[in-house]
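Peer 1: As they're listed, the protein sequences go chains A and B.
Counting from 1, one number per residue, gives the positions in the first sequence under my numbering.
Counting from 162, one number per residue, gives the positions in the second sequence under my numbering.
What the hints contain is simulated information worked out from the structure, not anything from laboratory work.
Any given hint could turn out to be false.
As the list claims (entries may be wrong) - Below, simulated BS3-like cross-link-like pairs (lysine-lysine); rule was C-alpha separation at most 25 Å, straight line:
#1 B:Lys-618 <-> A:Lys-84
#2 A:Lys-30 <-> A:Lys-84
#3 A:Lys-150 <-> B:Lys-630
#4 B:Lys-629 <-> A:Lys-151
#5 B:Lys-344 <-> B:Lys-355
#6 A:Lys-114 <-> B:Lys-354
#7 B:Lys-618 <-> B:Lys-541
#8 A:Lys-84 <-> B:Lys-263
#9 A:Lys-150 <-> B:Lys-629
#10 A:Lys-151 <-> A:Lys-30
#11 B:Lys-236 <-> B:Lys-263
#12 B:Lys-344 <-> B:Lys-386
#13 B:Lys-375 <-> B:Lys-354
#14 B:Lys-618 <-> A:Lys-114
#15 B:Lys-389 <-> B:Lys-375
#16 B:Lys-467 <-> B:Lys-541
#17 B:Lys-371 <-> B:Lys-386
#18 B:Lys-286 <-> A:Lys-84
#19 B:Lys-343 <-> B:Lys-286
#20 B:Lys-630 <-> A:Lys-84
#21 B:Lys-521 <-> B:Lys-498
#22 B:Lys-354 <-> B:Lys-374
#23 B:Lys-498 <-> B:Lys-531
#24 B:Lys-629 <-> A:Lys-114
#25 A:Lys-114 <-> B:Lys-636
#26 A:Lys-151 <-> B:Lys-630
#27 B:Lys-343 <-> B:Lys-355
#28 B:Lys-354 <-> B:Lys-344
#29 B:Lys-371 <-> B:Lys-354
#30 B:Lys-558 <-> B:Lys-541
What the hints assert, rightly or not - Output of the computed footprint for chain A on chain B, the stretches with three or more beta carbons under 8 Å from beta carbons of chain A:
#31 542-554
#32 615-627
By construction, the Cβ of each residue, glycine as well, lies at the ideal position given by its N, Cα and C atoms.
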Amino acid sequence: MGIHSIVNTCSHLQNAARARLGLTSIPNTKYNLRLCLALHRAGFLSSVTRAGPTPPLPEELLAFETEPVTPANVATRRLWLGLKYYNNEPVMRNVQAVSKPKRLVTAKLPELAKVARGFPQGQLRGLSLGETLFLATDQGVLELREALEKKSGGLVLCRVS
Amino acid sequence: MSLARPVARRLVASSSSSSQIISTPCHQLLGSSSKREFHSTPQLEARRKNRPRFSNVRAAEMGLVDEEKIKQFSKQKFPKYTKEEMVELQKRYSPQQIEALKAGEAAINPRDLTIQGRLRVDPYKMPYIDDFAESQPIIDKRPQNRAPPDPKANWMGLDEFTADLIKWADQFQTGEVTGTMKKVVDFVPEEWKKIAEARWPGEVRDEAHKQFKKYLQAEVDRSEKEQKAKREGRSLEEDTSGPTDGDVLQYILERSVMTDNGLVSNSSVAPALPDKVPGVAGMGYKAAVDPEDQGLDDNGIYQEVKRVTGMSVKDLLALRTRRIWENRVSNQTRLGKIPSFYTMVVAGNKNGWLGLGVVKSADPSVSFEKARLQALRNLKPIPRYENRTIYGNVSAKFGAAVVELSTRPPGFGLRVQHRIFELCRAAGIYDLAARVPRGRNPMNVVKATYEALLTQKNPETIAIGRGKKLVDVRKVYYSGAPIPELGQTQHEERRF
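Chain A extracted, bound-state conformation:
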């Protein structure tokens, strides 16, 4: 599974948040969807909706049922993400991809525990105030603290704060 779409997504989300967009869209891939759901769980996104090439209506953003994906429409599907702002500042200000297609960064459980406490470990800087890491593990895309809870290391995707 290539990492390039995640790297593109990270850059795009950071650009979109700094441009103060309310709604943005990324290609509909499984990897993107999992990362977005993890970001949503961590409170960085207000909504994740699968829809066509035009933005869904405001009331559809929070609808549970979306249009089903069929072979006829799968090519046009996109993920529409609601971005969050508080106090005139984006909630998600920095989104830095850690693993790149040329160099994948993985971390085992003891290493992750160190990073979570703020100490550097290998290629990873320690977490500072308000920072989170997102990892692709065999239990799905998880936030660092979720991964520690599930005792699972994996591929470090991005650093968000």
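Based on these hints, arrange chain B on the given structure of chain A.
Peer 2: Here is chain B on its own, set in the frame of chain A:
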């Protein structure tokens, strides 16, 4: 292999081609060599990614840019007002507004609307299309429908004031209290008022007397009613036309004291004061010394700072101020070098407030004093974690100077360069590490540090933004008990 390949490809290409190519003469085959396929992937034209799936159909080909079509569409979508519509509009709008409407209609060509106009219909369209039917005070300028102020208006003298008061009182016709009774003259048309009664024409005189009689009767009825009410002990306020309390208040607050007949103007410029304002002339300006200052500020140096910060002079004097940089700078002009002294002063209350003052002046002592006052004025709160260090690691850049500040555990101390140390002492920060990896210009380093201290992240804000609960693990580790705060004096004893 490299030699063999082109031949092989050529063989493959010619063998896989249709019989048409085989039947073409040799020279033609050579002439069309650019069309031959040397590889199995389709040619560039065919595999171009951005090629549209459908060929474009030009608007002209669909007959959409005909003058006829444009005219028809304009006529259908942007028709002129019919006579009936104009009649309806005239009922709703004033003649001036109708004129404006007509001018607006004439200014915009329907053809332009057809060709260039776009009306968004998507759900995210901005609701800014406005028919200007209402004025919106936030967006629109205030209508300037009043005359400019009278430049010749002056303060009322005693006589003018008396005349003005009588004029005001005359509008309340109560006979007893103020004002005068009306006379027969008041009931004739304007042109006869200045002419003696004997020379009035018969019908004018009769009409005036008739009206006057009616007025007298009404006055008598009213006074009777009033007396009756007085006897019965009830007030008859609704019937009296004397000045009410509201009228008196309005007179005091709103009546103009200038000789401009109470002209109200849109101008925000107040009329200039005359040379001598009656009642104030000759009293002169005296510096106000506030008794609250307890004699600490007889020269009035701190009055402005006191007003801005809301602190007392005693508290202001108790703040810690330090000069952290000064040098002589010069401005090269055609007259030569003009020297001045640049001073940077930091001020703080050692308890989370920090200010920076930067001043240039010809005299070093003036420069220091002004920078000090400016630092006091600029005091801003600095967020502190556990009242001893900063929240997280912050960095800031000013010019070429980059300052990276790091939070540190209790007892770490201030392992920072001396100017940052002075800032920390003034702000009441006791544990901190700082790196200045790039430019070390003292002025820029100090400004960058100040900015870094002000741009700390607030955990509360982060938690609210994400809708998450963030917990300080240090507090959890000590079973929720607040860490005993080291008092100011303890810190002082411990470290300095």
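Peer 1: Between B:Lys-344 and B:Lys-355, does the CA-CA distance stay at or below 25 Å?
Peer 2: Roughly 13 Å between the alpha carbons, so the hint for B:Lys-344 and B:Lys-355 holds.
Peer 1: Tell me if the straight-line CA distance from B:Lys-236 to B:Lys-263 falls inside 25 Å.
Peer 2: At roughly 17 Å apart (the allowed maximum being 25 Å), B:Lys-263 and B:Lys-236 satisfy the hint.
Peer 1: Next pair to validate is B:Lys-618 with A:Lys-84; report whether the Cα-Cα distance is within 25 Å.
Peer 2: holds (17 Å)
Peer 1: Keeping to a limit of 25 Å between CA atoms, is the pair of B:Lys-343 and B:Lys-355 held or broken?
Peer 2: Within the cut-off at roughly 16 Å; holds.
Peer 1: Going straight from one Cα to the other, do B:Lys-521 and B:Lys-498 come out at no more than 25 Å?
Peer 2: Holds: B:Lys-521 and B:Lys-498 sit about 15 Å apart, inside 25 Å.
Peer 1: Hey, A:Lys-150 versus B:Lys-629, does the alpha-carbon distance stay inside 25 Å?
Peer 2: Answer holds: A:Lys-150 to B:Lys-629 is near 20 Å, not above 25 Å.
Peer 1: Need the status of pair A:Lys-150, B:Lys-630: alpha-carbon distance at most 25 Å?
Peer 2: holds (20 Å)
Peer 1: Would you check chain A against the segment 542-554 of chain B, counting CB to CB pairs closer than 8 Å, and say if three or more residues qualify?
Peer 2: Answer holds; 3 residues pass the 8 Å Cβ test.
Peer 1: Are the Cα positions of B:Lys-618 and A:Lys-114 separated by 25 Å at most?
Peer 2: holds (22 Å)
Peer 1: Against the 25 Å threshold, does the CA-CA distance of B:Lys-375 and B:Lys-354 hold or violate the hint?
Peer 2: holds (19 Å)
Peer 1: Compare the distance between the alpha carbons of B:Lys-343 and B:Lys-286 with 25 Å, and conclude whether the hinted pair is satisfied.
Peer 2: violated (66 Å)
Peer 1: Is the hinted pair A:Lys-151 and B:Lys-630 satisfied, with a Cα-Cα distance of at most 25 Å?
Peer 2: holds (22 Å)
When held up to the earlier numbered hints, the structure conflicts with 6, 8, 19 and fits the remainder.
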